[in-house]
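Visitor: Protein chains in written order, with the working numbering: chain A, 5 to 385; chain B, 5 to 385.
Please note: incorrect hints may appear among the correct ones.
In this list, chains with the same sequence are indistinguishable; a pair is considered to hold if it fits within one copy or across any two.
[As the list claims (entries may be wrong)] Quick list of in silico lysine-lysine cross-link-like pairs, DSBU-like style, CA-CA up to 30 Å:
#, residue 1, residue 2
1, K228, K101
2, K49, K303
3, K60, K252
4, K252, K49
For the record, the hints were derived by calculation from the structure and aren't laboratory data.
Protein chains: 2
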Amino acid sequence: MEDVAIIGVGQSNFSRKCGVPVTELCFEAYREAMTGLDVNASQIKASIVCSSAIDKQRSLEGPVNNYLGLCPSPTFMVNNACAAGSSGLRIAWSFIKSGLYDVVAVVGVEKMSGLESREVAELMGRAYDISWESSFGVTMPAGYGMHARAHMEKYGTKEEHLAGVRVKNSFYSQMNEKAIFRKLVTLEEVMKSNPVAPPLKMMDCCANADGSSCLIVARGDVAKRVCNKPIWIAGLGAASDSGLSQRKSYTSLSCAKIAAEQAYAMAGVKPADIDVAEVHDCFTIAEILAYEDLGFAKKGEGPKLIENKDTYLEGRIPVNVDGGLLCKGHPVGATGGSQIRTIVRQLRGECGPVQVNGAKIGLTHNVGGIGHYANVTILRG
Amino acid sequence: MEDVAIIGVGQSNFSRKCGVPVTELCFEAYREAMTGLDVNASQIKASIVCSSAIDKQRSLEGPVNNYLGLCPSPTFMVNNACAAGSSGLRIAWSFIKSGLYDVVAVVGVEKMSGLESREVAELMGRAYDISWESSFGVTMPAGYGMHARAHMEKYGTKEEHLAGVRVKNSFYSQMNEKAIFRKLVTLEEVMKSNPVAPPLKMMDCCANADGSSCLIVARGDVAKRVCNKPIWIAGLGAASDSGLSQRKSYTSLSCAKIAAEQAYAMAGVKPADIDVAEVHDCFTIAEILAYEDLGFAKKGEGPKLIENKDTYLEGRIPVNVDGGLLCKGHPVGATGGSQIRTIVRQLRGECGPVQVNGAKIGLTHNVGGIGHYANVTILRG
């Protein structure tokens, strides 16, 4: 099945305020993705723009596709809340595998600085069922706060475990020049940060950001011709879940578990085979849930991975060694592509101070909403 | 290539105000699409929700997928302005053809009644480049008005030709119980209707609407097993265009021409082989441009098809014999699916008073923006 490859990856700086239109913001990632490839714009047969369209510009796909010089190739916009980026990759894979196209660009973007933070929170709240969730005050931090509380009550997880995730990710973000927060924080600083949705505090939460990502995806034969080191799409998994009020458990994100099972089966690998992973740490608790949902830890034992430094660079399974959403920032539609970019660069051996030695198989875990959607992707070098 | 079929089609009533949440609105189309099929919800492996999300509910795909009972199957939202519905079908085809899934639901929906008309006009204007189009006042009617003026100046097209499109479509809408406008209008009534964006008048324009559509799409072997009369996807074409200010000509929509060429080539048919067509008549001029862009008439001779009644039921190539967008109403994300539904029903011979006798091959032409996106789909009975 490994006949579709990622041949180029790019990302803009993630920032609090990019100061340019979404079109130019996308170009920043596209330029990096195309650098060094023997491919020009006319060879890109379709583009997929992944975004929640929080910026004033609606239907971004048209202006972006045109600005990148890709007309008259068709363009499609995919919105899947915070999972849009990896959903776009899934669609690109299908377009290529089905025989429609041989080279497809997946552009993820969000410009969130045009609105006030409270407006963004309100808009993002309306991404979940407005009849049963946001209307009762379930914002993103509130929803993940409930998951954190449930995990603490059932498994004895401590606030210090949550804080430990932020400490780890802040350590690695020091080496990521495209991250928003590049300062190492201490456990004490996280624990003393202001409460947001208890037990989650300010430093347990990622930040809104402006940013873009770009993936150039190609059929295997083309990939081998135009690129020195194609990275192969080995496994794909995707699932959804109901609204929070209908769920049986808050100690896991069931759609992430299902998506992971699908991706492992398609790639023919086990959790222990993964050399490096990027998981959707929109909140610290989300990274701990991911450890368990992906099978890196047994149920309830996710916090041990933080205690034992298993997910540090030298550990058993390095996770989010680019700083994660917590430190890079989370420009919704761009996040999935940014995760893929990190894994592609790891599998190419391009990660310098945060390189996982000899990484051959990598995984991304991209979640939309409060576990409403999940995509798990497995890549092979 | 004809190994993906449409096995079920449904549509809600199109109305000015549906009075229900978007989830229930979608269920109305889904119920019709599933009726008579030997398929249950658990066999639907993915859903694609097509919408511009003009309603307050954002990321509709989660609440809709859950309401239809499709969790934990994954769901993806596609926004492609007014072309979203057919873009969703294209993605469903790719999902199936690539081997990912065997049965996929494509749900199109728009609930526009929650906002004032001027708010809708403003939101839809922002679907085109906000730096170069809507900021200078290019609304949808204005953009198509410029195309109408250009066609009149170059080819001698008369306002009466435009009006004739509305007269034809209103004639057939009398037989469509799901259309908003079901009253026959006269040429004089259209000509005397109030100016909107000259030469376009009120009756040259379609209306905002609440509505949904649903297509159940399946791999060929499954289709043959669960459905008496699968309708095969024979040809697909898709293309994009720049913003208006960069275009060389306003007398054609170049992306529709390119998409049509692709679809004809894939299906191995010519324009003369098409027995019945649904074209994107968001404005009367758009139907005349479609005649030419699809090759039903030579360049500049589209108006003759109206003069000669060639696109009436008894004519050479019946077009929009369900009333078209002009009379059905245009609930953005639902429109592409509604067009496909009409063609599927024609190819099944289920169209009663507007049945095209012996129709074997049908076509849909679904345009987003002012010719920013186009999908052409060819179906075979």
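Visitor: Are the CA atoms of K252 and K49 at most 30 Å apart within a copy, between copies, both, or neither?
Guide: Intra 44 Å, inter 22 Å, cutoff 30 Å: inter-copy only.
Visitor: Could you figure out if K228 and K101 sit no more than 30 Å apart (CA to CA) within one copy, between two copies, both or neither?
Guide: Cα proximity of K228 and K101: in one copy and across copies (16 Å, 23 Å).
Visitor: Up to 30 Å between alpha-carbons, please classify K60 paired with K252: within, between, both or neither.
Guide: between (38 Å within a copy, 28 Å between copies)
Visitor: Please sort K49 with K303 into within, between, both or neither, judging by C-alpha distance up to 30 Å.
Guide: Result: close only across copies, 27 Å inter versus 44 Å intra.
Every hint, counting from the list given before, is met by this structure.
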